[in-house]
Amino acid sequence: MQIYQELETPNGTLRGFLHKPDNVDNYPLVIMFHGFTGHKGESHFLFVQLARYLCENNIASLRFDFLGSGDSDHDFSYMTFSKEVNEALMILDYAKLLPNVTEIIILGLSMGGAVATQVAKQRPQDIAKLVLWAPAGNMNQIILSREDQTNRLPNGNYILGGLEVSQAFAEDIVKQDLFTGVEVYQNPVLIQHDRNDQAVKLGVSEKYQSIYPN
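The numbering of the sequence shown is my numbering, which starts it at 16 and goes up by one.
It is possible that part of the hints are untrue.
[To be verified] Straight-line alpha carbon distances no greater than 20 angstroms define the calculated EDC-like cross-link-like pairs of lysine to aspartate or glutamate that follow:
{"hint": "1", "residue 1": "98", "residue 2": "86"}
{"hint": "2", "residue 1": "111", "residue 2": "186"}
{"hint": "3", "residue 1": "98", "residue 2": "186"}
{"hint": "4", "residue 1": "111", "residue 2": "23"}
Keep in mind that the hints were calculated from the coordinates and are not lab data.
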């Protein structure tokens, strides 16, 4: 069963979907965090396909657009990394109130993976398992390298991949240390990464692998 969801936050409405199986009364729940310029469906409907597969195997899932992405409130230029972490924590709180959920698993893709590491760092007791797909722990380096290659708009923002990225996003992401302290999360972690990934190098996942104890 796929159910439309709205989550009201102090800064706007997050919109997404809850998928839950029909054949069992209780089930684990996977929260999916999309990547930079991504959305709740993700490229090639990746999150949609995963949600349906999980549902067929008696696992529920919850996927929202962060503010500034997809169907949620605001334009893309509203988004910063810190804002997404705060929204992700609100999504986690929302998920904890859902009935029939036996445990919560967090899955993050690319920058959503980096967001997931920070959520697990802040709330390790609430997350049974953590799944990272090409986690962009090098997001600050990626933005710094691309920022110099783009022309500034009159408002100080710039265009990246056809979308307006704010100076606030750039200033916020370069301050982030996305590795220090993440080892506080002691539960199982699964990291998956394409060796040919050109945006997020394999070495980033290898660094996370060396830090996480499980």
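query: Are there hints from earlier that the structure breaks, and if so, what are their numbers?
result: Failing hint: just 2.
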